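*Asks:* Take a look at the letters that make up each chain.
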Amino acid sequence: MHKRELLTFALVTAFSASAYAQDTCDVAEPMDDTRFFRRISIDLRGTGPSFEEINVVKDRGGIDEELIDAILENESFVAAMRPYHASLLWPNIDATPIVPDTHVLFPLEITPGNPPVYLSPVRSVFMRAVGNGAIFVPCLDEPAQFDGNGNIVATPLEVGGETVAMQEGWVEVEPYWAPGTTVRVCGFDAQPNVSATVCPGPVERYPFVEPTCNQFRQFANAVQAPFDGTTVDCNGRQAIFAPNCGCGPNLNYCQTQETGAIIRASLLEQELRVVDEVIREGRPYHEALTQKSVDFNGPIAHYLEHQATLSFDLEAAGDPDAPPPPIPYSDFQWIRVARTGRHAGVLTTPGYLLRFTTWRGRAHRFYNAFECSSFIPNGPLPSPQDPCSDHEDLTQRCGCDACHEALEPMAAHWGRFSEYGFRNLTETQFPRNGLGKCSPPLESVDALIDCFRQYELEPVGEEQAYAGQLNAYVFRSDDEARGVDEGPTRLVQQSLDSGRLSSCTVQKMWSHFMRRDPTQEEYETIIPELIAGFEGSGHDLKSVVKAIVMHPAYRRQP
Amino acid sequence: MNKKNFLWALPLLVACEATPEPPPVVIPTPDPKTPVTSTEQPTMPVDHPDPVGLEVASRGPRRLSVEQLERTLEHIADLPLGSIEIPENLALTMGKPDFLRVTEESLDPSPLYMKFIVDLGGFYCTGIADADLNAQTPRPENQRLMNRYPASVDDGLEHMLLMFTGIEGEDAAPYVERLRRAYDAGAASALGARGGWEASCLALFTSPEFLLY
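In the order they appear, the protein sequences are chains W and X. Those letters in the first sequence? Residues 6 to 563, by the working numbering. Those letters in the second sequence? Residues 143 to 355, by the working numbering.
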C-alpha cells in the first residue's frame, strides 16, 4: 500500500468508530478519470491509452457506458481476451511429436562453403547404415546417380576395410514450403514415391529395419494379415519399412524445423480463433465449446493432407467430418470450414486434443476451466489387498471412485476422438462392437494396430462383459454411452443446463478483472446478479465484462 | 588476489624484508551500504484490527503482464505497434506462461521481475532519449515522450507522469516534485539535460504506479 494511501487509511479509520467493529476496510477511493481509463484500457485493450485517447476521454467528461461499449466492440478487446483464454486452454503442443523424426529434415553443410543439403539424421540409420558402422552417415555432397530403372545408386563407405554405410548423392527438389525455388536434399530422403513395398530386404542392406520387419511379420501372421510384398502409402505409418519411400513429391511428407514450428503455431491459432470468433461476433459464449465452424490455413491443410498419418505414436487420419480445404501450404489465409458430426468448438480441435492427449485429461481441463471444479481424492488409497482394490472399473475401485465416478462419464464424451492424437473414430470405420472387424483374417497391419489400440480385445475381470467393445464404451452405462455417441456438445449442454458453465464463467471473469476472488458477501450478492445478467443476455461475454468494469468496486483503488 | 591488490601489497612485502617488525593490522571498514528505502507505517488507533486481514471491497492491484507491458510501452512513447518485443525466454522469466511447464501467468512484482524491469527501463529510456533528444533530427514535439514542452521541464515531467501512470492534476503535484529532483540529479551528470530526462523516465518505469494498475 502506498504511503499516501496508508495515511488516508489512518485518517479515515481514526474518525470512524464503526470501522473497528467490522472486518471490512472501506477507505478505498474511486479512481479519477485518467487513471480509471488507464485501468480500463489495459484490461480491455491490453495496452495503456495514448495521449490522444486520454484527451478524448477528458473532452467527453469521463468514462461512460457508451465509451465502454465502443471499447468492447473494438477488435483490441478480442485480442485482450486471448491471454485469458490461453490460460484456460493451455495452448502448447511442443511435448507431442506431430511427425516422426524420420520425416524431419535438417540442412547440413556437408562441405564447408557449399549450399546445405537437407536430410533426416534418423532416416540415415534406416537407409544408409550397414554392418556395425556409423549410423548417422549423411549422403555424399555430389549429385545423385541413378541406374537404368531410375533407382538411386549408392556407393559403399569403407572404414578399416569394412563397409559401414551406403551413400548416395543429393537431388534438387522444389519444396512445398518455397514454391519456385529448389533445395538440395539427400537422395534417399528426397524420393518422390507415393507408395512402395514394405520390407524388401535383404537384412544385410537394411540391418536396422529388418528386425522390426520380423516383429511385424509375426504380428501379421498371427492375425492372418498380408505383410510381405504389400504396398503401403509413403505418407502412412508403415512408410519407414519401405526403403523406396522418402519425403514424397515436393517433400510433402517431411517437415523442417521452420515448417514444423509454423504448423504447430497454426494448430494452436486455429483453436484460439474459435474463441475469438464467438467474442467478436457477440454470440453465446458457450458456442466457443460447441460451434461446428473452424478456420484452416495452408500449413494446417498441408499437415492434415500429407503428414498427420505418418507416425506410429500419433493417432490421426483423414477426418470425414472436418475435411481441410484444398489449399497449398504457402497460403496463409484462414478459410472457414463447417465441420459436421460430433465436433464441438475448441474441444475437438487438433490443438486441444494434442495438448490433452487422454480422454480423462480432456475432461479434466474442461472441468477445471469451464466448471471451476477440481478432482480431490476423498482420502488415502486403501490397501491393494483389500477386495475393493480389485475392481478394474475405476468408478468402483475404492480410493479412486471419488474422482472417477464423475471423471469417467465426462471423459467418455471424447471417446470417439482417439487418445494420443486427434483421429475421429467414426461409426463407419469404428463400429461400437469390433469383434467382427477385428477377427482374423485382418485386411492389413494397419487394421491390426487400429483394433488393438481402439478395442477391448484382451479383457480381464470385469472387462469381460465388454469384450470386443470400442474402448470408450467399456464400463459405460447406456446413459453414459450417450456421451460417447453425442460427443462433447452433450457435456457442454449439461453444464449449461445445470448453470455450472454460467456460474464459472462469471466467477472467472470477476477474478480476472477484479484481480481477486469474490468475497463471501459478493458470492451471495453481486455474483448471482452477474450470473442472472449473463444468462439474460444470452450468454454474451461482453455483457458480463461490462457489468464488472462498471461496478463501483472495479473503479476503487486500494 | 587480483592485480590491483597485488600491486598494493608489493610495498608491504618490500617493507617486511627491510624491518622485522610486522606492520600494524588494519581492519578494513566495510563500504557504506545504500539504505533500502523504507516506508513509515502510521500508528494504528488502539483496538484497530490488523490491517493485513481486512477485506477491501475494491479491485486488487496487479502488475502489468509481459504483453501488456510491451503494448503499453509502445503507446507511452507513440511507437508503432510491435516495436517492443521481449524475447520469449526472457518473457518466460518475467512470468509469462508457456502452458507446458508453467500454466499460470506470474503477476507478482518479484525481485527477479524488478531486476529485469530496471534493465529494460535502461534500454527503453535510452532508446527514447536517442529519438526524442536527437540533436539533429529529434521527433516532432507532439510525438515525444521526453522534452515534449521545451519551454518547461515541469510540464514535460507532468506529461511523462500522465503517460506512464495516468496521474494528473492535483494528484500529480507531489510526483512531479519528486521527479524534478530525479531530473535535476540526472541533469547534473555529464549527460546534461538528457541525463535528467533519462533519470525521470527510469524513475517512472520502475515505479509501482506504472507497473501496477
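Accuracy of the hints is not assured; some may be wrong.
Cβ pair distances, simulated, as ranges [claimed, not checked]:
#	chain 1	residue 1	chain 2	residue 2	range
1	X	Asp261	W	Pro331	25 to 35 Å
2	X	Thr245	W	Ala270	35 to 45 Å
3	X	Leu234	W	Val127	28 to 38 Å
4	X	Leu223	W	Pro557	50 to 60 Å
5	X	Asp313	W	Pro184	55 to 65 Å
6	X	Leu234	W	Gly153	26 to 36 Å
7	X	Pro350	W	Pro325	34 to 44 Å
8	X	Leu234	W	Glu70	34 to 44 Å
Everything labelled a hint here was simulated from the structure, so no lab data went into it. Only a predicted model underlies this, so the values are computations on that prediction, with no experimental measurement involved. The C-beta atom is built at its ideal place from N, Cα and C for all residues, glycine as well.
*Asks:* Next, verify each hint and record whether it holds.
*Replies:* Verification of the hints:
For Asp261 (chain X) paired with Pro331 (chain W), a C-beta distance near 49 Å fails the hint of 25 to 35 Å. A C-beta distance of roughly 18 Å is found between Thr245 (chain X) and Ala270 (chain W), which places it outside the suggested range of 35 to 45 Å. Here the CB-CB span from Leu234 (chain X) to Val127 (chain W) is close to 29 Å, well matched to the stated 28 to 38 Å. Here the CB-CB span from Leu223 (chain X) to Pro557 (chain W) is close to 33 Å, at odds with the stated 50 to 60 Å.
Judged by the Cβ atoms, the range 55 to 65 Å given for Asp313 (chain X) and Pro184 (chain W) holds: they are separated by roughly 60 Å. Here the CB-CB span from Leu234 (chain X) to Gly153 (chain W) is close to 57 Å, at odds with the stated 26 to 36 Å. At roughly 57 Å, the beta-carbon separation of Pro350 (chain X) and Pro325 (chain W) lies outside the given 34 to 44 Å, and the hint is violated. Checked against the given bound of 34 to 44 Å, the beta carbons of Leu234 (chain X) and Glu70 (chain W), roughly 39 Å apart, stay inside it.
Comparing the model with each earlier hint shows violations of hints 1, 2, 4, 6 and 7; every other hint is respected.
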